[in-house]
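Chains as they are written, first to last, in our numbering: chain A, 3 to 365; chain B, 3 to 365.
Think of the hints as simulated: they come from the structure by calculation, not from any bench. Just to be clear, a hint being listed does not mean it is correct.
Note that the list lumps identical chains together, so a pair holds whenever it fits in one copy or between two copies.
Distance condition first, Cα-Cα at most 30 Å in a straight line; then the derived DSBU-like pairs of lysine-lysine [unchecked claim]:
#, residue 1, residue 2
1, K337, K176
2, K229, K254
3, K173, K57
4, K224, K337
5, K224, K57
6, K254, K57
7, K329, K57
8, K164, K57
Protein chains: 2
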Amino acid sequence: MKRRDFLTTGAVGGAATALASPAIAQSNPVLQWRLQSSYPKSLDTIYGAAEVFAKAVLEASDGNFQIQVFAAGEIVPPLAIVEGVQSGTVEMGQTGSYFYIGLDPAFAFGTSLPFGPNTRFQQAWFNEAGGNDLFNEFLAGYNIHHLPLGGTGAQMGGWFRKEINTLADLKGLKMRIGGLSGMILQRLGLVPSQIAAGDVYPSLERGTIDAAEFVGPYDDEKLGLSKIAPYYYYPGFWEGAATLSLFIGLEKWNELPERYRSILTMAAGYAGALQLAKYDAQNAEALRRLVAGGAQLRVFPGDVLQASYDAANAFYAETSAKSASFKTLYDHQMKFRDDTLPWLQISEYAYDTLLLQASQGAK
Amino acid sequence: MKRRDFLTTGAVGGAATALASPAIAQSNPVLQWRLQSSYPKSLDTIYGAAEVFAKAVLEASDGNFQIQVFAAGEIVPPLAIVEGVQSGTVEMGQTGSYFYIGLDPAFAFGTSLPFGPNTRFQQAWFNEAGGNDLFNEFLAGYNIHHLPLGGTGAQMGGWFRKEINTLADLKGLKMRIGGLSGMILQRLGLVPSQIAAGDVYPSLERGTIDAAEFVGPYDDEKLGLSKIAPYYYYPGFWEGAATLSLFIGLEKWNELPERYRSILTMAAGYAGALQLAKYDAQNAEALRRLVAGGAQLRVFPGDVLQASYDAANAFYAETSAKSASFKTLYDHQMKFRDDTLPWLQISEYAYDTLLLQASQGAK
Numbered sequence: 003m004k005r006r007d008f009l010t011t012g013a014v015g016g017a018a019t020a021l022a023s024p025a026i027a028q029s030n031p032v033l034q035w036r037l038q039s040s041y042p043k044s045l046d047t048i049y050g051a052a053e054v055f056a057k058a059v060l061e062a063s064d065g066n067f068q069i070q071v072f073a074a075g076e077i078v079p080p081l082a083i084v085e086g087v088q089s090g091t092v093e094m095g096q097t098g099s100y101f102y103i104g105l106d107p108a109f110a111f112g113t114s115l116p117f118g119p120n121t122r123f124q125q126a127w128f129n130e131a132g133g134n135d136l137f138n139e140f141l142a143g144y145n146i147h148h149l150p151l152g153g154t155g156a157q158m159g160g161w162f163r164k165e166i167n168t169l170a171d172l173k174g175l176k177m178r179i180g181g182l183s184g185m186i187l188q189r190l191g192l193v194p195s196q197i198a199a200g201d202v203y204p205s206l207e208r209g210t211i212d213a214a215e216f217v218g219p220y221d222d223e224k225l226g227l228s229k230i231a232p233y234y235y236y237p238g239f240w241e242g243a244a245t246l247s248l249f250i251g252l253e254k255w256n257e258l259p260e261r262y263r264s265i266l267t268m269a270a271g272y273a274g275a276l277q278l279a280k281y282d283a284q285n286a287e288a289l290r291r292l293v294a295g296g297a298q299l300r301v302f303p304g305d306v307l308q309a310s311y312d313a314a315n316a317f318y319a320e321t322s323a324k325s326a327s328f329k330t331l332y333d334h335q336m337k338f339r340d341d342t343l344p345w346l347q348i349s350e351y352a353y354d355t356l357l358l359q360a361s362q363g364a365k
Numbered sequence: 003m004k005r006r007d008f009l010t011t012g013a014v015g016g017a018a019t020a021l022a023s024p025a026i027a028q029s030n031p032v033l034q035w036r037l038q039s040s041y042p043k044s045l046d047t048i049y050g051a052a053e054v055f056a057k058a059v060l061e062a063s064d065g066n067f068q069i070q071v072f073a074a075g076e077i078v079p080p081l082a083i084v085e086g087v088q089s090g091t092v093e094m095g096q097t098g099s100y101f102y103i104g105l106d107p108a109f110a111f112g113t114s115l116p117f118g119p120n121t122r123f124q125q126a127w128f129n130e131a132g133g134n135d136l137f138n139e140f141l142a143g144y145n146i147h148h149l150p151l152g153g154t155g156a157q158m159g160g161w162f163r164k165e166i167n168t169l170a171d172l173k174g175l176k177m178r179i180g181g182l183s184g185m186i187l188q189r190l191g192l193v194p195s196q197i198a199a200g201d202v203y204p205s206l207e208r209g210t211i212d213a214a215e216f217v218g219p220y221d222d223e224k225l226g227l228s229k230i231a232p233y234y235y236y237p238g239f240w241e242g243a244a245t246l247s248l249f250i251g252l253e254k255w256n257e258l259p260e261r262y263r264s265i266l267t268m269a270a271g272y273a274g275a276l277q278l279a280k281y282d283a284q285n286a287e288a289l290r291r292l293v294a295g296g297a298q299l300r301v302f303p304g305d306v307l308q309a310s311y312d313a314a315n316a317f318y319a320e321t322s323a324k325s326a327s328f329k330t331l332y333d334h335q336m337k338f339r340d341d342t343l344p345w346l347q348i349s350e351y352a353y354d355t356l357l358l359q360a361s362q363g364a365k
């Protein structure tokens with residue numbers, strides 16, 4: 003009875019005969035796309051997520067939708083994904099949306115804002131609070147469609163040659179830190195600079211910089227900074243929920259059969275969730291190795307955090323006055339953050355508190 | 003050059019001709035499966051995830067892999083998913099794995115253990131630390147294949163007619179709470195009982211029970227308990243990371259083309275991530291309504307949490323001595339929890355602390 007009802011259901015009954023229909027050729031075309039990452043293969047968790055994504059799309063499409071993944075710079079410059087996608091040089095790119103704040107500060111919302119929602123609530127904002135739709139309305143002006151592709155979780159505050167005991171210690175401190183974060187910390191006297199990952203070690207060793215932030219334990223370990231800048235600070239409040247982005251050429255996206263749009267969306271959600279899980283497992287192991295190797299964990303002093311928060315809010319107010327796109331997304335995301343904090347506090351945070359207390363009691 | 007390399011790549015070149023090959027008929031067969039949930043449609047976030055999952059599979063398979071979703075009891079009894087899948091009455095089910103601890107306590111690991119890893123690290127355990135593979139080794143003995151399908155996040159501790167000020171207040175307290183949690187709290191003098199959701203309100207009103215736990219604000223709100231049992235406790239340490247499960251008949255799973263196994267795995271990951279995001283957004287709103295309607299938030303006293311933790315550990319030691327399957331999974335999961343707690347503490351927890359402090363400072 004139930005099975006008979008099922009077979010007579012319009013949509014499903016129709017689909018059951020689809021193999022014989024010419025429509026399948028339309029919904030299952032052979033496509034060859036190129037995806038370039040802004041990241042090198044050495045950042046294997048991030049780059050690997052692009053590969054997991056492409057493989058998932060290939061499998062779901064029965065081998066018909068083929069996305070070849072290229073590392074940073076193989077086709078277009080690492081930070082030229084917007085231009086690459088707009089010109090059609092690549093159909094899609096994996097990038098950090100905040101690399102493009104020079105075009106409009108609203109690009110930051112694809113990644114995360116300093117003091118923005120944590121990773122879980124950032125995902126809820128994207129997927130269930132209309133955040134990604136709103137971001138895509140903004141990106142339509144750049145002919146781009148956006149799919150979040152996982153993230154790193156809360157990052158570390160980076161490596162410092164000397165301890166930071168008070169806000170005054172930031173004055174004149176030369177730090178490798180970019181984007182919005184650098185602009186905010188500059189207001190506190192810090193001197194931000196953008197330095198390629200491979201140059202961080204010699205720059206710290208030579209004293210060209212006094213501190214450097216990168217990602218988290220697993221990726222940071224590869225740079226080997228603990229011996230020359232042993233103070234490893236947390237929390238990395240400027241990237242509390244750093245999300246990776248897939249940028250897709252909007253016309254390419256719109257031309258896709260609906261089925262392929264579903265597959266891309268699903269594969270990005272799937273690959274993104276696996277990426278975060280991989281980072282969590284890897285970071286925990288790397289942290290232990292780093293501490294065993296001499297890294298000194300330090301929490302940022304309260305006055306540094308408070309002043310950074312105030313500076314961020316001042317920066318957001320000024321930026322909202324200048325960019326209507328930024329203001330729309332900022333108001334929407336921060337209302338969601340504030341509306342959801344009480345629930346975070348009594349659920350996840352209370353449970354985490356319990357686990358941490360129990361674990362300390364057990365020692 | 004790059005494009006030419008791409009076209010001559012073996013795997014991709016082969017796939018490009020797949021449309022003309024008879025192999026596609028094998029990898030893309032028309033299948034009609036039935037999925038029954040253990041949950042009613044009224045738990046729309048959980049039930050909805052099964053629908054999102056089935057729709058994603060339908061779309062990715064171009065309408066060929068059709069999974070019809072049935073609510074609790076429509077084909078087999080709500081808590082008979084194991085038997086339903088084993089007998090082939092349904093090909094798959096959405097359930098809470100811990101409903102089946104009567105068969106073996108190791109079934110609890112599909113859901114979560116009291117004081118087990120939090121939601122994010124539970125997912126990392128499943129997906130990146132070998133947890134789901136280990137769980138599937140156990141489930142193979144029951145002819146079941148398991149895919150995690152999202153979760154609720156940390157649940158609430160439930161509704162109490164009177165405040166709990168000390169451990170002694172649990173003695174003789176009649177509470178609607180089931181499974182492992184009930185067995186653990188029973189050791190502290192609490193009297194657990196299993197009551198269907200629809201009977202919770204009259205049971206509390208009549209005084210048949212003194213307290214009841216259910217899920218979290220969004221689902222709890224529908225039961226309307228705040229007027230008769232206004233003290234709403236947290237954290238729900240017995241379900242700190244409650245995961246939902248897809249149980250699939252192992253032979254059915256093994257018979258699937260590899261492509262369909264990939265699609266099911268991907269769709270479960272995708273639908274699960276959306277479910278958690280939906281709960282986070284919904285719970286935050288429902289919590290505000292509940293508090294406005296008179297619910298009194300209370301944190302469990304320290305001695306209750308400590309005694310529960312000790313009772314849980316004693317229970318786990320005894321259960322490990324009785325069930326080798328339980329011991330294998332328990333040792334594996336708890337090592338992962340303990341190994342990852344330091345990373346949780348300095349990353350997500352430190353960032354959450356900062357957000358909560360900033361928000362309180364702003365009030």
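**Request:** Check each numbered hint against the structure and report the violated ones by number, ascending.
**Result:** Result: hints 1, 2, 3, 7, 8 break, sorted rising.
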